[in-house]
Amino acid sequence: MGILEVKNVSKNFGGLKALSDVNLSVRENTVHAIIGPNGAGKSTLLNCLVGKLIPDTGSVMFDGQSVLGRHPYEINQMGISRVFQTPEIFGDLTVLENMMIPILAKRDGTFELNALTSIGSQKDVIERAEHMLEEMSMADKRHFHSGSLSRGDKRRLEIAMCLSQEPRLLLLDEPTAGMARADTNNTIDLLKQIKEERDITIAIIEHDMHVVFSLAERITVLAQGTPLVEDTPENIKGHPKVREAYLGESA
Amino acid sequence: MFGLDKKDTTLLIVVTALVVLAPFILNPFPADSALAQFNAGYPDLMQRFVIFGIFAIGFNLLFGLTGYLSFGHAAFLGVGSYAAVWMFKLLSYNVVPAIVLAVIVAGLFSVLIGYVSLRRSGIYFSILTLAFAQMSYNLAYSVLTPITNGETGLQVYSNDPQILKGDGPDVTHLFGLEMGSAYTLDIGPWSFVFSAGYYFCAIFMLVAFYLAIRIFRSPFGLMLRAVKSNQQRMAYTGLNTRPYTLAAFVISGMYAGLAGGLMAAMDPLAGAERMQWTASGEVVLMTILGGAGTLIGPVLGAGFIKYFENIFSKINDSVLHQWFSFMPDGMEDFMVFIVHPFIGKGWHLTLGILFMLVVIFLPGGLVEGGQRIAAWLRGRGKKPAGGSGDPEHHPKPAPHVAE
Numbered sequence: 001m002g003i004l005e006v007k008n009v010s011k012n013f014g015g016l017k018a019l020s021d022v023n024l025s026v027r028e029n030t031v032h033a034i035i036g037p038n039g040a041g042k043s044t045l046l047n048c049l050v051g052k053l054i055p056d057t058g059s060v061m062f063d064g065q066s067v068l069g070r071h072p073y074e075i076n077q078m079g080i081s082r083v084f085q086t087p088e089i090f091g092d093l094t095v096l097e098n099m100m101i102p103i104l105a106k107r108d109g110t111f112e113l114n115a116l117t118s119i120g121s122q123k124d125v126i127e128r129a130e131h132m133l134e135e136m137s138m139a140d141k142r143h144f145h146s147g148s149l150s151r152g153d154k155r156r157l158e159i160a161m162c163l164s165q166e167p168r169l170l171l172l173d174e175p176t177a178g179m180a181r182a183d184t185n186n187t188i189d190l191l192k193q194i195k196e197e198r199d200i201t202i203a204i205i206e207h208d209m210h211v212v213f214s215l216a217e218r219i220t221v222l223a224q225g226t227p228l229v230e231d232t233p234e235n236i237k238g239h240p241k242v243r244e245a246y247l248g249e250s251a
Numbered sequence: 001m002f003g004l005d006k007k008d009t010t011l012l013i014v015v016t017a018l019v020v021l022a023p024f025i026l027n028p029f030p031a032d033s034a035l036a037q038f039n040a041g042y043p044d045l046m047q048r049f050v051i052f053g054i055f056a057i058g059f060n061l062l063f064g065l066t067g068y069l070s071f072g073h074a075a076f077l078g079v080g081s082y083a084a085v086w087m088f089k090l091l092s093y094n095v096v097p098a099i100v101l102a103v104i105v106a107g108l109f110s111v112l113i114g115y116v117s118l119r120r121s122g123i124y125f126s127i128l129t130l131a132f133a134q135m136s137y138n139l140a141y142s143v144l145t146p147i148t149n150g151e152t153g154l155q156v157y158s159n160d161p162q163i164l165k166g167d168g169p170d171v172t173h174l175f176g177l178e179m180g181s182a183y184t185l186d187i188g189p190w191s192f193v194f195s196a197g198y199y200f201c202a203i204f205m206l207v208a209f210y211l212a213i214r215i216f217r218s219p220f221g222l223m224l225r226a227v228k229s230n231q232q233r234m235a236y237t238g239l240n241t242r243p244y245t246l247a248a249f250v251i252s253g254m255y256a257g258l259a260g261g262l263m264a265a266m267d268p269l270a271g272a273e274r275m276q277w278t279a280s281g282e283v284v285l286m287t288i289l290g291g292a293g294t295l296i297g298p299v300l301g302a303g304f305i306k307y308f309e310n311i312f313s314k315i316n317d318s319v320l321h322q323w324f325s326f327m328p329d330g331m332e333d334f335m336v337f338i339v340h341p342f343i344g345k346g347w348h349l350t351l352g353i354l355f356m357l358v359v360i361f362l363p364g365g366l367v368e369g370g371q372r373i374a375a376w377l378r379g380r381g382k383k384p385a386g387g388s389g390d391p392e393h394h395p396k397p398a399p400h401v402a403e
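Going down the list, the sequences are from chains A and B.
The letter at position 139 of the first sequence is residue 139 when you use UniProt numbering, and the numbering goes up by one with no holes.
The letter at position 290 of the second sequence is residue 290 when you use UniProt numbering, and the numbering goes up by one with no holes.
Calculated directly from the structure, the hints in this document are not laboratory data.
Mixed in with the good hints there might be a few duds.
Calculated cross-link-like contacts (lysine to any residue; reagent style SDA-like; alpha-carbon spacing at most 25 Å) [said to hold, decoys possible]:
1. A:K195 <-> A:E130
2. A:K52 <-> A:A115
3. B:K6 <-> A:I126
4. B:K6 <-> A:M78
5. A:K106 <-> B:Q231
6. B:K345 <-> B:W376
7. A:K106 <-> B:R225
8. B:K7 <-> A:N114
9. B:K345 <-> B:L320
10. A:K123 <-> A:S150
11. A:K154 <-> B:Q231
12. A:K195 <-> A:M78
13. B:K314 <-> B:H340
14. B:K6 <-> A:G120
15. B:K7 <-> A:A115
16. B:K314 <-> B:A182
17. B:K89 <-> B:P161
18. A:K241 <-> A:N8
19. A:K192 <-> A:R168
20. A:K154 <-> A:E174
21. B:K7 <-> A:M78
22. A:K106 <-> B:Y141
23. B:K7 <-> A:K17
24. A:K52 <-> B:K89
25. A:K123 <-> B:L222
26. A:K106 <-> B:Q232
27. A:K17 <-> A:R168
28. B:K7 <-> A:I119
29. A:K192 <-> A:N114
30. A:K123 <-> B:L320
31. A:K123 <-> B:T9
Facing chain B, according to a computed beta carbon distance under 7 Å, are these residues of chain A, among others [to be verified]:
32. F13
33. L16
34. Y73
35. N76
36. G79
Beta carbons are placed, not taken as given, at the ideal position from N, Cα and C, and that holds for glycine.
Isolated chain A, as found in the complex (with noise of 0.2 Å):
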């Protein structure tokens, strides 16, 4: 039993199958990648594992639990947090700002009416918040206006938000699109130092293969809304119908 286990999900928008009986199992504490053709469904999979989207058949189960039907917001809060393509913060607060909130959120549920507490007397979180920026070496920019930040340190704010929480299963969606390479690398060892300090799982939404090949313990490859095959990299890297769904037949 995987902490994650998706069975016979289906999906349609209208005509479009964009997920057909998805079958996926993400063990814990490993790092399961999920890496297929544009449109393979990989966006809409993830979207029905956070609340963002009902399958239309099947069900997700996290830890035991079924996650459909309740809202991103309690799925969260049963410890699966989740990193956007383009990163998700709170551009108008500053870097602390943006670190106490997940922390807030963890310690006192969805909603708080707190109104009459001053957050200077939040010591706690306070305290959290500034050592898990000096944990992602950010604690020099805590007072920074976090939209100002490089799209590199969006991303790690980001992930040090999510991390903050404690999830037991961070989701990540391209976490490397669209950044140069230096600050690819950079996420690639933020992600595999992650992986060596927590017991957390990690499944990962992949475009660029030099990513996959550098974290992933275990692949599966989506393509048309089915899954190919899942395997070790090892074996994924010279399967014939992995070729054969990224580079088409004649190759």
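Use these hints to put chain B onto chain A, whose structure you have.
Leaving out everything else, chain B in the frame of chain A:
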């Protein structure tokens, strides 16, 4: 002090001093001098300053923090006024039950409107709130006449029950202290008026301001700013945005109800026109003019607009002729002709131009103007105003309305 940091405490003390000393500050000119018409230190206007200050502070808690632009906030003010006048009619002229009920009723009403309107954001939210407010206005004018007394407006009649009145006074009072009572202090040619009603409202404004600071600096306030910044990230951070925005909406509705209740407490009347969309638009102008999302901005904006409304509108042609009387005849008439559209009934034109100038050149409102002057005085324009000390990273001013 009071759970505030040093900077906020200073701000609160300064505002308190200004409010307490307002009868002096607003009356700088001797009573019979030509400039006396610029004096704003009479009770009626000072009350309006603080009451609309409360209204704008509350509005800013919603708009400034979450970015949700409500275009129907006057409905809560109107509902507060009606509730207060009903208390006068049923119980007595004592203002305490009136204000308590005004806040409660406005709060309940805003739960209802907020619950529906907050299903949408951006322009759709604005339109929904506007629609609700206009509905309330029209209902108050026609169908709900038994409750609102329609066009005449709700007022207290001598045959109303007033069951707790006994032999209490026939005007609004606080356990016997009449709201209309005032003490006039004459110093030389100056005359300063200290009104019970003004100080009563002022205390409420200071408490409202203090609470607003606390909310701004609380984790709840941080979450509201997060709503404005990125709702998607909030949802994926395990936070439910709906109760946060609803709570902000209700709190700001209660502020509006308090303002409405105080209005009725100063003058026991309530009319439907208080709910009209122009009244809702006015508080939007006040907040943006002063500086949305800042603490003191809405209060400044409210004071600014009320000053214009009451002082500029009173300047008429004969006053202008007096001002320009030193000029030769033709010149004098010409100047009066030029200035005429901007005064009297034309004060809206002056206000409109000022508003445009502020929005274009000072997107942060009057507060930004103040900050720029302060920065210029401190560094003579050399140092940037921001505290980050990082010239490369200047945040763009946040947009006024959340997308």
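Each hint, compared with the structure:
no., hint, verdict
1, A:K195 <-> A:E130, "holds, 21 Å"
2, A:K52 <-> A:A115, "violated, 30 Å"
3, B:K6 <-> A:I126, "holds, 19 Å"
4, B:K6 <-> A:M78, "violated, 40 Å"
5, A:K106 <-> B:Q231, "holds, 17 Å"
6, B:K345 <-> B:W376, "violated, 37 Å"
7, A:K106 <-> B:R225, "holds, 18 Å"
8, B:K7 <-> A:N114, "holds, 22 Å"
9, B:K345 <-> B:L320, "holds, 14 Å"
10, A:K123 <-> A:S150, "violated, 29 Å"
11, A:K154 <-> B:Q231, "holds, 17 Å"
12, A:K195 <-> A:M78, "holds, 20 Å"
13, B:K314 <-> B:H340, "holds, 12 Å"
14, B:K6 <-> A:G120, "holds, 12 Å"
15, B:K7 <-> A:A115, "holds, 19 Å"
16, B:K314 <-> B:A182, "holds, 23 Å"
17, B:K89 <-> B:P161, "holds, 6 Å"
18, A:K241 <-> A:N8, "holds, 21 Å"
19, A:K192 <-> A:R168, "holds, 16 Å"
20, A:K154 <-> A:E174, "holds, 14 Å"
21, B:K7 <-> A:M78, "violated, 40 Å"
22, A:K106 <-> B:Y141, "violated, 49 Å"
23, B:K7 <-> A:K17, "violated, 59 Å"
24, A:K52 <-> B:K89, "violated, 53 Å"
25, A:K123 <-> B:L222, "holds, 15 Å"
26, A:K106 <-> B:Q232, "holds, 17 Å"
27, A:K17 <-> A:R168, "violated, 30 Å"
28, B:K7 <-> A:I119, "holds, 15 Å"
29, A:K192 <-> A:N114, "violated, 37 Å"
30, A:K123 <-> B:L320, "violated, 61 Å"
31, A:K123 <-> B:T9, "holds, 21 Å"
32, F13, "violated, 20 Å"
33, L16, "violated, 24 Å"
34, Y73, "holds, 5 Å"
35, N76, "holds, 4 Å"
36, G79, "violated, 10 Å"
Of the hints listed earlier, those the structure fails to meet are numbers 2, 4, 6, 10, 21, 22, 23, 24, 27, 29, 30, 32, 33, 36, in rising order.
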